[in-house]
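Engineer: Sequence:
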Amino acid sequence: MGFSFCFGPSGSGKSRVMRKMIIDRASGSLSTPGKDKTHYIVIVPEQYTMQTQKDLVEEHPSHVLMNIDVLSFGRLAYRVFQETGEEGRTVLDDIGKSLLLRRVVSECGEELTVLQKGLHSAGMIDEIKSILSEFLQYGVGEKEIDRMASFAGKHGQLALQARLLDMGKLFSGFKKAQEDRYVTTEETLDVLAWLIPVSDQLRGSVVLFDGFTGFTPVQYRVVRALIRTASDVFFSFTVSSDGGPDITRTAEGGPAGNEEDLFYLSRKTVRDIVRMGEEEGIKKNPDIYLQGRIPARFHSNPVLAHLEASLFRYPEKAFSDIRRSGEGALQKSCPAVSEEGTGSALRLFAASTPQEEVRRIFSSIREMIAATGCAYRDFAIVTADLETYGDLFEREAVRSRIPVYIDRTSPAFNNILTEGIRSVLQISSENFSYPSVFRYLRSGISRIRDEEVDKLENYCLANGIRGRKKWGTPFDASCEETRLRFLREISPVTGEAGLEGRRPVRTAADRTMELYRFLVNCSAQEHMESIAARFEKEGDSVRSIQYRQIYRAVIDLLDKIHDLTGRERISARDYLELVETGLSQISLGTIPQRVDRILVGDIERTRLTQVRHLFFAGVNDGNIPRSVSKGGILSDMDREFLASLGAVLSPAPRQQMFIQRLYLYLNMTKPSETLTVSFARVSQDQKSMRPSYLVHMLRNLFPDLKIEIPEQRPVEEQIRDNEAGRMILADLLRRFVEGSIGESEESARDFRLAYGFYTSPEVTADPEMKAYVRMLKKAALCRYRPEFLPPETAHAVYGDRITGGISRMETGAKCLLYHHLKYGLHLHERELYEFAPVDTGTVLHDSLQRFHSLLAAEGLSWNDFTTETAERLVSQALDEEAAVYRNLLMYKSARDESRLARLKRRLLRTVDTVQFQISKGDLVPVAAELQFGGEHARIPALTYDLQNGLKLILQGRIDRVDMFNGDGRRFLRVMDYKSGKRNLDQDQIRRGLQLQLIMYMEALMHSPFPMEAPGQAPASTVPSALLYYSMKEPVLDLSPDSIPDPENQKMQIRQQLKPTGLIYEDEESISHLDRSFADSSMVIPVIRKKNGGYRSSTSLITPEQYTLLASDAVKALCTTAQRILDGEITAAPAVIDARSTACDYCPYRDACGFDLRIPGYMRTTGTGKL
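Residue numbering for the sequence shown is 313 to 1482, as defined by the numbering used here.
Simulated from the structure, these hints should not be mistaken for laboratory data. Any given hint could be a false lead.
Here are the computed lysine-lysine pairs in the DSSO-like style, where the Cα-Cα straight-line distance is at most 27 Å [claimed, not checked]:
id, residue 1, residue 2
1, K1263, K1134
2, K488, K455
3, K1216, K1290
4, K1263, K1293
5, K767, K782
6, K1362, K1293
7, K1204, K1216
8, K1402, K1427
9, K1263, K1204
10, K629, K332
11, K1263, K1290
12, K1427, K1134
13, K1402, K1290
14, K366, K781
15, K1344, K1290
16, K1232, K1344
17, K1018, K1232
18, K782, K366
19, K1263, K1216
20, K1263, K1427
21, K1089, K1018
22, K1370, K1134
23, K1402, K1216
24, K455, K466
25, K595, K349
26, K1232, K1216
27, K1362, K1401
28, K1370, K1402
29, K595, K580
30, K1344, K1204
31, K1204, K767
32, K1089, K1232
Quick list of simulated restraints, FRET-style, between CB atoms [to be verified]:
id, residue 1, residue 2, range
33, G784, E848, 39 to 49 Å
34, L1139, E1028, 48 to 58 Å
35, P1102, D1299, 26 to 36 Å
36, Q1417, S1187, 14 to 24 Å
37, Q359, V1075, 55 to 65 Å
38, I1470, M1317, 44 to 54 Å
A virtual CB, placed ideally from N, CA and C, is assigned to each residue, including glycine.
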């Protein structure tokens, strides 16, 4: 009985030597007379078990494992539990601990002080579980927690003391909740240590620990029990010279050195085991030392041998210095050291981005395979940032057709099945909210087709269907059948017809059974199997396996919920949180599905074996060293403070940094032939990145090592295969189109070389390459050209005439594609049951029309109603409008009703201001919402003949027409109400962008006036004013020292609300618009100078200018109509002014494809040029 160690640096063959020893002894036991029943057990980390079994089988003379077991700590525990009958308690994994913790929190949450507030916040249960697991893993119990809390209190750390006291209560509650029925995975090792002495399999066995860098306190208890029980225990540790104490001294009970030493962790573990043996009185057997010579892995590779001997050792020794001096074992054992520097054994390269870095790595792998004939399994890739690089490697592997296995687990949280479960439970907890309902319907688990969901969603958005009550009310015939199917589908969870609110609060077991019935009813298992089969058919074996795992994992979770919390009465919301807690802990892992593949992994998690070529990606500052700072309940400072008490917890950040160095050493010394280190200069979010300190260290160790930049190599060197050539050709074509190729002779030569090669007859003989080059050329030389519908299609869509309003023609002038999508294809945004800004203008506009009608019904005019009458009629008009507007939209909530009160005030101000403006002149309203053209119109439409027998029939509705007849002349004012500020621009009229007012006036001037009897028409008609009235909320700029009286405030408001537009330059006409006008009018945009003339800023238009402007407007109108009927659908949005274009508020901007970066796309300007 005894124990011993095997020491050696990385690559020295420790594992191979120890496996051979185990195989020899195990074979000897089988051949011993009397049937020696000694068991041989190899204990390795979980990730190593399969590889170690494979190695043992391959190295065994008979290629079988008879009396040798390869186990992890966890599997050893299960093996002993089976033997000794200790299987009565359920083992709690992370999911079980989280579920049991939720129960504990609900029971003792009120007793907590500091942690109580955040108990229901996202991630809090997970954080508590992590601390709890750490306590269990490091053997910290209730007494130790109390001792740490008391220590913190005595030293003034009151906040830490409060947190520890809360954790003590939770720990105590957790232990009580276990009720001798459950045991955590950490506690299984405690039970294992207690049972090892009574195990017949382990008594007298031979045990080998291999692949460990250290042990936790509970693992040490197992080690202690094995040393006492087994006949021989062997430990294999990676140790080499690092400036610390010699390992021979440590193995005899000497010091372990300083934590800054590279192999301090190994020496510390050896020291602890030696002391443990001394305490138990166990003999220490002779150790095996594989030091003092070049590791076997690097015997013919002096570069990597020097890396192993010098990495993280100080002072640093340059490879060239050692080579020249001939000192040490390196020169003696590696006589092949040449004067050519590092050669290809060690490479260092930089890439512009992580994507380019990954692409270059795969390109190098293809090049090396072609040159050396290596298999894919000879390569491995590691990174310190697998979260970022994992997806990049996955995408590039698919594109490059290189098999890879990415060593990571995938969370199940966003899987189709888990998304469906979370959303259906959310429907109950959120009372059939819109997000929860359609999150479920679009999760992929529902059997309702996507087209039906789209139709149902549009109906719900347009009608404000939210809440259980509305879902229990029949829908329109078009959606009623879908509603009933949906309610039946979710009824196992929500109850019949979704009436969850009428059901009593139930236990977690009841809700779990309901959820299980839901999964059975929607054939969830068959659905996951069909998805897995589809992925398998597509060759995606990883996702196929994950989808085959997920249903079983979910059912296991439901079993745990039923078992752990089934008796609790729980609300729908709390049950959702419970299920989400469990789902968040499910991870879907896979194993490699093929032998010949490249392993991609993390420097800490992944275990590499038999690697010839290693690529180390993402060696940037921030990844190496990687930030290991922890927040949460116990901060890094808290841990360091508690360490002064002697409390043993997980390593603090300082220790984590030293441990990371050891992992770097172990990974970078794994390859036997080449190591390639790479980093990126710019991150994925375009932020500059610096190389890690490791890059500088490597260049110090190898002064000849240069940072390669593959992107700057000549094209002929970069094109090593079709995949690399495709990417280069695409980049060169893009630069050629941008015009940057001709900037240097070298880039022009590269383009001619690549383009000439890939368009040569030899290459284009391959149909796939020919199609790819053609696609690249088409994409690179893409140019937008004006588009037209075929004549027959244009006629089918629009016919031979346009009959429509002025707004439609303005839309066509802004963008012909915009017009086609809206009026040709009749595409429109989905209607939402919510009060948008556009609704404000619509309600005010229609309410003002109602007010006008109410005035007329009471025999009143705009000049003779009182303030009281205005208030009464405004209230009545707005109430009537709200009662019929969009299915009572304005009454759906208290917020909307308060908005109604604000609109009343706004409308009353508008009525008051309009009355004031009318009273200042002679023109009075004679018509509101006056229609021209169309059925029952009082004025005929404006008709224009176009080319090729086409016609434009213009119709419209005028908001308000004011008129005054005097001295044989008719004076007209056209008023259009707007909810926002609007100015009338003559240039935009000529371009067809602002046609409303002038075309309204043209319709009035060229038609018999409906308010006059025949023969009473004046000799001439004057277009006195074309005005916009803004129904905006005026804002006064007042200072506290000069607040005007209410009357002055009123006048300032009226000044702000003065209409904008064009005024006909005619003295008589202007006097009728404002009788009291002297220098500055309050009702029209006109200012008179002292000499009697008008200021240049005044919006006046002479008769000649008006005639020409009207002619230009008609011309722009007809031009737009002609282009529409000719089938032109060009995407050429107009520039409205210096600050806006037609694209700004276009609902189709995300679908039309307009992109100024593509040649041919341009906006139209005031000059009419493209």
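Engineer: Each hint needs a verdict: does it hold in this structure or not?
Structural biologist: Hint-by-hint comparison with the structure:
Restraint check for K1263 and K1134: satisfied, since their Cα atoms lie roughly 20 Å apart, inside the 27 Å limit. With a CA separation close to 15 Å, the supplied pair K488 and K455 stays within the 27 Å bound. As the CA atoms of K1216 and K1290 are separated by approximately 16 Å, the hinted pair is consistent with the 27 Å bound. With a C-alpha separation of about 34 Å, the suggested pair K1263 and K1293 falls outside the 27 Å cut-off, and the hint is violated.
At most 27 Å may separate the alpha-carbon atoms for a hinted pair to count; K767 and K782 meet this at roughly 17 Å. Proximity of K1362 to K1293 is assessed by CA-CA distance (about 19 Å); at most 27 Å being required, the pair is judged to hold. Taking the CA atoms of K1204 and K1216, the gap is near 17 Å; set against the 27 Å cutoff, the hint holds. With a C-alpha separation of about 39 Å, the suggested pair K1402 and K1427 falls outside the 27 Å cut-off, and the hint is violated.
Among the hinted pairs, K1263 with K1204 is inconsistent with the structure: their alpha-carbon atoms are about 46 Å apart, more than 27 Å. With a CA separation close to 35 Å, the supplied pair K629 and K332 exceeds the 27 Å bound. Taken as a hint, the K1263 and K1290 pair is broken in the structure, with Cα atoms around 30 Å apart against an allowance of 27 Å. Distance check on the hinted pair: K1427 and K1134 sit about 23 Å apart at the alpha-carbon level, within 27 Å; holds.
Annotation: proposed proximity of K1402 to K1290 is violated, straight-line Cα distance about 33 Å (limit 27 Å). A distance of roughly 63 Å separates the Cα atoms of K366 and K781; the hinted pair therefore is violated under the 27 Å criterion. For a cut-off of 27 Å, the pair hint linking K1344 to K1290 stands: about 8 Å separates their Cα positions. Taken as a hint, the K1232 and K1344 pair is honoured in the structure, with Cα atoms around 21 Å apart against an allowance of 27 Å.
The hinted pair formed by K1018 and K1232 fails the criterion: a straight-line CA distance of about 87 Å is larger than 27 Å. Between the alpha carbons of K782 and K366 the distance comes to roughly 63 Å, so the proposed pair goes past 27 Å and is violated. Of the supplied pair hints, the one linking K1263 and K1216 is violated, its CA atoms being roughly 44 Å apart against a limit of 27 Å. Among the hinted pairs, K1263 with K1427 is consistent with the structure: their alpha-carbon atoms are about 13 Å apart, no more than 27 Å.
Taken as a hint, the K1089 and K1018 pair is broken in the structure, with Cα atoms around 37 Å apart against an allowance of 27 Å. Taken as a hint, the K1370 and K1134 pair is broken in the structure, with Cα atoms around 34 Å apart against an allowance of 27 Å. Distance restraint check for K1402 and K1216: the Cα-Cα separation of roughly 41 Å exceeds the 27 Å cut-off, and the hinted pair is therefore not satisfied. Note on K455 and K466: the hinted pairing holds, with a Cα-Cα distance of about 17 Å set against a maximum of 27 Å.
Simply put, K595 and K349 have alpha-carbon atoms about 23 Å apart, close enough for the 27 Å limit, and the pair holds. A C-alpha spacing of about 25 Å is found between K1232 and K1216, which places the hinted pair at or below 27 Å, so the restraint holds. The suggested pairing of K1362 with K1401 holds, with an alpha-carbon distance near 25 Å, which does not exceed 27 Å. For the given pair, K1370 sits about 22 Å from K1402 by alpha-carbon distance, which is consistent with the 27 Å threshold.
Annotation: proposed proximity of K595 to K580 holds, straight-line Cα distance about 19 Å (limit 27 Å). A C-alpha spacing of about 24 Å is found between K1344 and K1204, which places the hinted pair at or below 27 Å, so the restraint holds. Restraint check for K1204 and K767: satisfied, since their Cα atoms lie roughly 23 Å apart, inside the 27 Å limit. A distance of roughly 69 Å separates the Cα atoms of K1089 and K1232; the hinted pair therefore is violated under the 27 Å criterion.
Under the hint 39 to 49 Å, the C-beta atoms of G784 and E848, about 42 Å apart, fit the expected range. As the Cβ distance of L1139 to E1028 is approximately 51 Å, the hint placing it in 48 to 58 Å holds. For the pair P1102 and D1299, the beta carbons lie near 35 Å from each other, so the given range of 26 to 36 Å is met. At about 44 Å, the beta-carbon gap between Q1417 and S1187 misses the expected band of 14 to 24 Å.
Roughly 45 Å separates the CB atoms of Q359 and V1075, a value that falls outside the hinted 55 to 65 Å. Checked against the given bound of 44 to 54 Å, the beta carbons of I1470 and M1317, roughly 45 Å apart, stay inside it.
Checked against the numbered hints above, the structure violates hints 4, 8, 9, 10, 11, 13, 14, 17, 18, 19, 21, 22, 23, 32, 36 and 37; every other hint is satisfied.
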